[in-house]
Each structure stands twice: as structure tokens, then as C-alpha cells.
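Sequence lines, in order, name chains A and B.
Throughout the first sequence, residue numbering follows the numbering used here, covering 213 to 744 in sequence.
Throughout the second sequence, residue numbering follows the numbering used here, covering 348 to 653 in sequence.
No lab work stands behind these hints, which were simulated from the structure alone.
Some hints could be false.
As the list claims (entries may be wrong) - Restraint-style ranges between C-beta atoms, simulated for each label pair:
(1) B:592 to A:391: 55 to 63 Å
(2) A:348 to B:502: 53 to 61 Å
(3) B:353 to A:299: 37 to 45 Å
To be verified - For lysine-lysine, the following BS3-like pairs were computed, each having C-alpha atoms within a straight-line distance of at most 25 Å:
(4) B:440 to A:396
(5) A:396 to B:447
(6) B:439 to A:396
(7) B:358 to A:492
(8) B:448 to A:396
(9) A:472 to B:351
(10) A:490 to B:403
(11) B:400 to A:490
(12) B:403 to A:489
(13) B:403 to A:492
(14) B:411 to B:374
(15) A:294 to B:400
(16) B:553 to B:572
(17) A:489 to B:366
(18) A:497 to B:400
(19) A:492 to A:636
(20) B:373 to B:403
(21) A:294 to B:358
(22) A:490 to B:358
(23) A:497 to A:296
(24) B:451 to A:396
(25) A:393 to B:373
(26) A:294 to B:403
(27) B:351 to B:552
(28) B:572 to B:599
Said to hold, decoys possible - Which chain B residues stay away from chain A? Per the calculated CB distances, all over 10 Å, these:
(29) 398
(30) 409
(31) 419
(32) 422
(33) 427
(34) 444
(35) 522
(36) 601
(37) 622
(38) 625
(39) 636
A virtual CB, placed ideally from N, CA and C, is assigned to each residue, including glycine.
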Amino acid sequence: MKFLKNLNGISNLRILSILASILGIIILIPIIFIIYENFASNTEVKQSFLDYFYDTFHLILLTSFFCIVFGIIPAWIITFFKIKYKFFFDLLLVLPLAIPGYIMAFIYSDLLGYGGIIDFFLEKNFNQVISFDVLSINWLSLFLSFSLFPYVYSTARVSFSLIGNTYINLSESLGVNTMNKIFKVIIPLSLSAIVSGLFLVIMEILNEYGAAEYFGIKTFSVGIFKYWWALNDKNSSIFLSFILLFIVLVLIFLNNFFKKNENKIQYHIRSSSVILKKLKNPLSKFFSYVLIGVPIIFGLFIPLMSMTNNVIKNFSKFDFTELSNLIQNSLSISITASFIIVAITLFILIIKRYSNSNLLKFIIRILSAGYAIPGAIIGLSIMLILQQNSFISVLMGTTFLLIYAYVFRFIAIAIFTIDNNLKKQPYEFDRLADSLKLNNLKKFIKINLPLSLNSIIVAFLIVFIDIMKELPLTLILRKSTGKFNTLAIEAYNKAKNEELANSSLYSLTIVLICIIMIIVVNIFLKRKKHVH
Amino acid sequence: MFIKIDKITKKFDEIFCLKNFSMSIKKGEIISIIGPSGSGKSTILKCISGICKIDKGEISINNKRVDNLPVNERNISYVFQESPLFPHLNVKKNILFNLKKYDKEKLFFLLKKTKIENIQNKYPYQISGGENQRVALVRSLIRNPDLFLLDEPFNNLDNSNKNQLKKIIIDIIKETNTTTIFVNHETQDSLEISDKILILVNGEKKTIDTPFNIYNKPKSLKIAKMFGEVNELLIDNKKVYFRIQNLIITRKSSIKGKVMESKFMGHFYKITVKVDTQLVNLFSIKDIKKNEIIYLKVIKENQLHF
Chain A
213 MKFLKNLNGI SNLRILSILA SILGIIILIP IIFIIYENFA SNTEVKQSFL DYFYDTFHLI
273 LLTSFFCIVF GIIPAWIITF FKIKYKFFFD LLLVLPLAIP GYIMAFIYSD LLGYGGIIDF
333 FLEKNFNQVI SFDVLSINWL SLFLSFSLFP YVYSTARVSF SLIGNTYINL SESLGVNTMN
393 KIFKVIIPLS LSAIVSGLFL VIMEILNEYG AAEYFGIKTF SVGIFKYWWA LNDKNSSIFL
453 SFILLFIVLV LIFLNNFFKK NENKIQYHIR SSSVILKKLK NPLSKFFSYV LIGVPIIFGL
513 FIPLMSMTNN VIKNFSKFDF TELSNLIQNS LSISITASFI IVAITLFILI IKRYSNSNLL
573 KFIIRILSAG YAIPGAIIGL SIMLILQQNS FISVLMGTTF LLIYAYVFRF IAIAIFTIDN
633 NLKKQPYEFD RLADSLKLNN LKKFIKINLP LSLNSIIVAF LIVFIDIMKE LPLTLILRKS
693 TGKFNTLAIE AYNKAKNEEL ANSSLYSLTI VLICIIMIIV VNIFLKRKKH VH
Chain B
348 MFIKIDKITK KFDEIFCLKN FSMSIKKGEI ISIIGPSGSG KSTILKCISG ICKIDKGEIS
408 INNKRVDNLP VNERNISYVF QESPLFPHLN VKKNILFNLK KYDKEKLFFL LKKTKIENIQ
468 NKYPYQISGG ENQRVALVRS LIRNPDLFLL DEPFNNLDNS NKNQLKKIII DIIKETNTTT
528 IFVNHETQDS LEISDKILIL VNGEKKTIDT PFNIYNKPKS LKIAKMFGEV NELLIDNKKV
588 YFRIQNLIIT RKSSIKGKVM ESKFMGHFYK ITVKVDTQLV NLFSIKDIKK NEIIYLKVIK
648 ENQLHF
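Working from the sequences, and respecting the hints, build out all of it.
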């Protein structure tokens, strides 16, 4: 604190920026290590690696397609038409984010699988049985899209609202019909936002482990786990991680390249408020509600009902002491990690703002890509580092290690949220504070901190939700000791052992906690809008 | 009449924006609509184009009723206040947006006339505000509209760009014989461009006449003041109204005044004179010192009568 108080001198800021840079580099160690290890080891490229490639891309393509359908259509209807209870639909269409992909997949495989509720219903009433195998890549894509479409929905919704009525009126006055209006105007103008949403969906799919493993789909994350744990083939695991990292980096590059070009266009979009159109025809009104309702029913209501049903049915069998321990574990690790992540982010971003250090800017840019790096890679890399360095191997299986991994994986979310807010704070405020002879610590406490408070809270809550749902990273890092258990791990383990009814209690707890958090985030975001 | 607007009414939240508004326009005529902010100028254009639906009345073009047609079937081109170009399309694609067939000669003529031939491959973010408005103009006119609507097209342009665009618009509209309604708050522009000027106050038509008559024979003092300063002077116990340029300095006259202020305006000086207890303004080529006594004469034939 004393050090911070004397921050007016440039030399002190330089020291702090070096400190922040070192902190950034420490967080980045896993990624540097996995690249180094790949080139250091001689891995024989196996034919089976191609299967991982094929399955992963198959899953990405189909899930993205479903997410576009479930995300864009409701966003279009809600933005441009007069719909009753719009506020609730808006919220309900984001809430499926609270249900992790693996839980969604477990629930639907239970409902649609052999001996499931649908099978039972068909057999009882029509003397028929389900003739398809739900444990396939196509069905998994659909199930994953139920929990991932909100990424596309929210980005498309914001973008559609920004376009407003200006371009709609203009295109109509130029003789454009409804279909052309969508494909020639609305979609091209929102393309960058939709691609950003899809990018998040793809990153989530690449990170997905629990569902893919359960469905027997060979995704890269599944491969990394399989070679590392089951086949004890460290080199193949590293090679798959490297390939996955390469794919992620290509996707980041493509996304950035696309964004750079689109930014020029986006800045020239003249936003205007949307004048909502009435749906006069009862048939079109009905279909609009159906199109909004389908993703809500399949993404939220059915999974919630199924989990609740399982919990009620097996209520007497549950071990609530275990549940309470797991809640305690999950909450304590999520709160602690979220707090640390937000604190580091704030420290690094404020030092960047005050010092304008190029090195720090570069490190922050790399850290921002952290969210795209699948948990399996980070987990594997950390395990390798520990195995090779005996003096730090004592950290194996500790909470410290888990938090360190979470920091790497989720710091990007905090950076994105807080930095966006800091960028909106004019530098004139800082200069004014300097002219009023406030030192940097006072400047931070009296100006930047109060102005960033909402974004800090939002960042904390979003990171918290992501950590609550996180599976592969936690799984890989606690697997070595098996001591530390979370709700996500227990939900996954029970489902994997065909104890779906038991798994529901843990899944429902995660989902309910996340739903509450998402509602709180929404309230804060609305408040933020109001303040601005 | 080519365009007939018959008793149209438009309400927003139970407040009348237009009340029984009627107007007729001949083919190729340019009509300017002038009125204070919130008088309903832009609403008229939105109703005619179909962006806003009218509550009552009829709109017909060339004897065909259009008010029941959707926007995209009306063949009306609309250049908005800040006419946006589609940011994802280049200039040429913006101009030819949603056009299956077009007259290549006309396009060439319009591009040349508006001097944007060389920016066809540029994107909206690469061109200036003036060029942006010219592209929007070409985009509207290439469609051979039955009616061309211009909503304050010079709003965000500097003087040089504005004068250029004004000349281009008049030339093109006259050469292509396009019927035009032009909404503006700059009265000088309307006087220059229009065949007729319509004055709109609180959604109601106050008057419609030629620019000459509106300026020189306005129906009320309020309308007269919209187009420039008006002096009021009591001569022989009778109030006389006249424009500044119709008060001149003379050697001897019954109107004697004392100079109170002289302001340099560029081409001339604006002199404020006190006649008895009344203040009047006049233009002078030369500067006149404060407190100097001068004699004034009102050009009788140019007096304003209400």
C-alpha cells in the first residue's frame, strides 16, 4: 500500500508494470510449456488422430447450425415485433446458459434413451420402442445447442437492436421485401456479432468433455484425457493438445481478422431506436410464440422439469450431508477464484491504463485468448509441469493449483468485461485527477474504481458461473489426488456410472445457483445501461 | 394533378401530428415544406412513403391510390435527413441495391453530374459526408421514382458542400422531370429550389404559394418573419411593415432617425436606427457613425400587407 501511495513517479509505475507483466507471464506458463513439450517429444502420428479431427468438426458444424436456428430467429422476433412479456422471454432465452452442456446431454439421453420416459410412453401406449440410438454425434449436437444457443441469441439480439429502424425503413423505401430485408440487410449488418457468438459456441464445444465422453464421441478433449489417463501415452496426449491449441489459435486469428474488417463497418452503422411492428395475423402471432418457445422449452423447462422430477422421486435416498459439503466446496472455490481473477484483472488493467506499457498490452492480448484454450490443455500442461519439477510437485491436487488453472482459463472474461468499461471512461478524468494532485492510488479509489464497480460485479458473477459449471479442468487437476470434489464432478461421475437420478440433485443445484446468478447479472447489466 | 394528398390525418399517442392535411402537386413540380420543429414536416414524408401508416385520408399518385400499398410497392424514393448508406456495401452496390434492371445511361449521367464516378468501389467509411449524400441521391434517382422525397438533405453539410449539392439536385430534378417534395428548415434553400412553398404549423397547412409570393406577399407577419427580418414602423398613425432592404437612406424625408448601432456583416453594414421610440434596421454599403442623424424612406410598393 505504501508503495502504491507513492505511485506518482514514473519509475514506480514502471516497476508496477513490470510486476504486472511478470504476473501475466506466470499465468501464461501452461501454454508456453505445451508448445515447448510438443516440439521436445517425438510423437508418432497415428491414423486414429484423424477420427478426433472428424468428430470434433462434425460436432462443431451441427451444433453451430442448431445454435444459429435457436438463437437468431427468436432474437429477430423479439427485437422487431411487439411481443407480450418480452422482458421474461429475453431472460428465459439466456437462462439455458446456466445448464452445462454435459448436464443437458445427460438429461436428454435419459429421456430419449432405451428405458427412458419417451420409450416407456411409446411402449405402454403404442407397443413401440425407440428405434434410434440417441448416443450419437447428431443428437449430441442438438442437445449441446440447447445450452449453447444463448451465446448466439444475446449477441444477435444486441446487434439487431443497434441496427434499429434506420436501415429497415431505408431498405423498404428501396423496394426490398421481407426476406431480402433479412438476408441483404439485417444479417450482413449483424454478421460480426453473430460470428462472435458462434466463436464462443465453438470454443465451448472444443472445451466440452463430459458429454462427448458419455456419448462416445471422439473430440480432442476426450482424446487428450484418454491418452493421458487410460492409455498412459503422454506424447500422444501432448500432440493432440498441440493440434487443438493450433486449431484454437487459427480460430482466434480468423475471428480477429474478421472483426478487424467488420469493425470499420460496425462503426458506421447508424443506430436508431426500433419501432416495433404489430403481428396482426393470428397465425403469424402463433408461430412467433412457437419459435420463441421451442428453445425455451427444450433448453430450460424440460431439463428443469426432468431434474426436479428425478430429485422428488429419489428424495429419501439422497445424502444431504454430502450435498452440503459439495455446495460448500463449489461455492468456496468459485468465490475465491472469482475474487482472485477479478483482483488480478483490475490490477493489470489499471497499471496498463496508467503506465501505457506496450509489453503489458501485449500480455493482456494473449491472456484474452485464454478463454478459448480448452480446459483439458491447461490441465494437462499443469500436470506435466508438476511431474517434471519435483520441488513444485507438492502442489499436485491442491486448491492453489486449481485456482491457478481457473485464473488462466477465465481471466479473459474478466478482462473483456472490465476493460470494456475502462475504455469508456474518458482519459480526461485521469488528467483532471492529476491536475487536482491526486496520487494514482487515490485516483483509482476515487475515480476509476467507482466508475468500474458495476462491471467488476458483473465480471465476478460471470466468472463465478463459469467456474461453477467447469468440468474438464477440475477433473484433470483433482484426478491425481481425488480429494477435492465439486458439484460438477459429482454430477458427472454419477451420470457416468448410470446413476442419472442421483446425478440430478447435483445438476439441479448447479443450475439453480447459476440461474440466480444470471438473473443478478441481468439486473446489474440493466442498471449499468440506466447509469450510462 | 399528379400527386393528390387528400385530408390525411396521423396521430401519435392520441396527439395529432397531421390534421386533415391536403395538397396537390403537378408532374415535375418541386414543393418545399417549411415549418417549425415538430410541425409534422417529416411525418408528411413518412406517411407518403408508407413508413408511417395514415389514420385517415387518401394518397394517390397518377390517379392510383397508394396509401394502402406497403412501402416497397409505392415507387417513391426517400432521401433521409442523414441518409445512411449500407455500411457493408460499396458505393456502386449501394446505388444498385435491390435493382434487377437499371438504365446504364442514366446511371452514367447521375454519377457524372454528382461527381462520384471515381468512388464507386469505395465503402461508406471511406467517403466524406458530402459524397455520402450524393450517393444517396443517385441511389434514389436511378430508380425512376414517381415521387422523390428529400428530408433536410443538407443538414450536416458545410456551406461549400451544401451549395454544390443544392445545384446538383435542382439540375437533376429539372432534367429528369422528377416530382419532388423537399422538407427543410432553411428558408433560403426553399426559396432557391422550389416551385411552390408550403407552410406547415402544428400539422396544419397554413399556406401554399410560389416562393416570390410567399416572400413578398406573405399572409401573416409570422410567415413573413420566417423568411427574413421585418421592420415595423408607425407612419402617420398607421403601422407599416416592410423588409429591411426596403428601407433606404435618403437626403430629405419626413422619417428622421438616430443611428444606434452599425454592424459589419461582410457585403454590407447592418444599421440599427431609432425613429422616435421605434427601432428599425437597414442595410448600408458604408459604415455610419453612432448617433448620426439620417433620413429614411420606405419603398412603398414593397410594403407588406396582412
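Taking the hints in turn, this is what the structure says about them:
| no. | hint | result |
| --- | --- | --- |
| 1 | B:592 to A:391: 55 to 63 Å | holds, 58 Å |
| 2 | A:348 to B:502: 53 to 61 Å | holds, 60 Å |
| 3 | B:353 to A:299: 37 to 45 Å | holds, 42 Å |
| 4 | B:440 to A:396 | holds, 11 Å |
| 5 | A:396 to B:447 | holds, 14 Å |
| 6 | B:439 to A:396 | holds, 15 Å |
| 7 | B:358 to A:492 | holds, 20 Å |
| 8 | B:448 to A:396 | holds, 17 Å |
| 9 | A:472 to B:351 | violated, 50 Å |
| 10 | A:490 to B:403 | holds, 19 Å |
| 11 | B:400 to A:490 | holds, 12 Å |
| 12 | B:403 to A:489 | holds, 20 Å |
| 13 | B:403 to A:492 | holds, 19 Å |
| 14 | B:411 to B:374 | holds, 14 Å |
| 15 | A:294 to B:400 | holds, 16 Å |
| 16 | B:553 to B:572 | holds, 14 Å |
| 17 | A:489 to B:366 | holds, 24 Å |
| 18 | A:497 to B:400 | holds, 21 Å |
| 19 | A:492 to A:636 | violated, 41 Å |
| 20 | B:373 to B:403 | holds, 23 Å |
| 21 | A:294 to B:358 | holds, 19 Å |
| 22 | A:490 to B:358 | holds, 17 Å |
| 23 | A:497 to A:296 | holds, 11 Å |
| 24 | B:451 to A:396 | holds, 23 Å |
| 25 | A:393 to B:373 | violated, 33 Å |
| 26 | A:294 to B:403 | holds, 23 Å |
| 27 | B:351 to B:552 | holds, 15 Å |
| 28 | B:572 to B:599 | violated, 29 Å |
| 29 | 398 | violated, 5 Å |
| 30 | 409 | holds, 18 Å |
| 31 | 419 | violated, 5 Å |
| 32 | 422 | violated, 8 Å |
| 33 | 427 | violated, 7 Å |
| 34 | 444 | violated, 6 Å |
| 35 | 522 | holds, 22 Å |
| 36 | 601 | holds, 59 Å |
| 37 | 622 | holds, 52 Å |
| 38 | 625 | holds, 49 Å |
| 39 | 636 | holds, 48 Å |
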